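Asker: Sequence:
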Amino acid sequence: MSDDGPERRFRTLFISDVHLGARGSQTNLLLDFLRVHDADTIYLVGDIVDGWALKSSWYWPQSHNDFVQKLLRKVRKGARVIYVPGNHDEFLRNYYGTHFGGIEVVENAIHTGADGRRYLVIHGDIFDLVVQNAKWLAHVGDKAYDLAIRLNRIVNAFRRWFGVPYWSLSQWAKHKVKNAVNYIGAFEETLAQEARRHGTDGVICGHIHTAAIRDFHGINYMNCGDWVESCTALAEHEDGRFEIITWTDLLKRNLPVPTVAARAA
Numbered sequence: 005m006s007d008d009g010p011e012r013r014f015r016t017l018f019i020s021d022v023h024l025g026a027r028g029s030q031t032n033l034l035l036d037f038l039r040v041h042d043a044d045t046i047y048l049v050g051d052i053v054d055g056w057a058l059k060s061s062w063y064w065p066q067s068h069n070d071f072v073q074k075l076l077r078k079v080r081k082g083a084r085v086i087y088v089p090g091n092h093d094e095f096l097r098n099y100y101g102t103h104f105g106g107i108e109v110v111e112n113a114i115h116t117g118a119d120g121r122r123y124l125v126i127h128g129d130i131f132d133l134v135v136q137n138a139k140w141l142a143h144v145g146d147k148a149y150d151l152a153i154r155l156n157r158i159v160n161a162f163r164r165w166f167g168v169p170y171w172s173l174s175q176w177a178k179h180k181v182k183n184a185v186n187y188i189g190a191f192e193e194t195l196a197q198e199a200r201r202h203g204t205d206g207v208i209c210g211h212i213h214t215a216a217i218r219d220f221h222g223i224n225y226m227n228c229g230d231w232v233e234s235c236t237a238l239a240e241h242e243d244g245r246f247e248i249i250t251w252t253d254l255l256k257r258n259l260p261v262p263t264v265a266a267r268a269a
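The numbers in the numbering used here rise by one with no breaks, and the one at position 144 of the sequence shown is 148.
Errors might be hidden in some of the hints.
Unchecked claim - Listed next, with one range per pair, are the computed distances between beta-carbon atoms:
(1) N32 <-> H221: 36 to 42 angstroms
(2) T194 <-> I114: 17 to 23 angstroms
(3) T194 <-> T250: 23 to 29 angstroms
(4) Y100 <-> T194: 21 to 27 angstroms
Derived from the structure by calculation, the hints contain no laboratory data.
What you are looking at is a predicted structure, and each value in this text was computed from that prediction instead of being measured.
Glycine included, C-beta positions come from ideal geometry on N, C-alpha and C.
Using the sequences provided together with the hints, build the complete structure.
Answerer: Below you can see the structure in the form of structure tokens.
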């Protein structure tokens, strides 16, 4: 499908944890997703580039260049692209308030939805005690995560061979291991409290690679997920509704795509 093909247009798209420069980044699926989906505003909610992985060993295939070029083309066509750095692309935190090819780099943002509700947009790593207080342990965990992703590729190669849908080993482990479940729950609750502290109606974040839309006592917690394992994005409709879109199969590009009228300028 070319860039001129049918598209599903939203008011806003939120994408996080692409991890360009890491071997586990499923950039081809993200490129396929962006060929079909578009928005007036696109938020990049941290860990788009994986500086940790690039420091360890250089890995930058053509698909990673293609993703950057696609974003720049969207800016040239009039889309607003806002980049909120995370811990893996923390080197960009030295450039708050600047633009790269029209892409705005900010510490965090307040997004006003079509229905007037306000959302704090933040990566979320500053509320991760391991990342903040034991960075060496976070790096060890990152290596273990890379190993799980490699195993996941092998598992899914066999699943594709037998015609079985995509399955995430690490996501399964997160939902089965009690400590991981507790960590995710505590992270979500903490981010909801931060949104309340900012006087917003909700929070939109990334970091933990677990897409979700939840209500915490009137505060809407939304997580974009990632493009390493779950391949998800958060989308805002023209009426202010949000949904999580999962894009784990290139075959979806052959399916009919509903077209949504663009928002009036």
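Asker: The structure should be examined with respect to each hint, and the outcome stated for every one.
Answerer: Against the structure, the hints:
no., hint, result
1, N32 <-> H221: 36 to 42 angstroms, "40 angstroms, holds"
2, T194 <-> I114: 17 to 23 angstroms, "19 angstroms, holds"
3, T194 <-> T250: 23 to 29 angstroms, "25 angstroms, holds"
4, Y100 <-> T194: 21 to 27 angstroms, "23 angstroms, holds"
Hint check: no violations occur; every hint is consistent with the structure.
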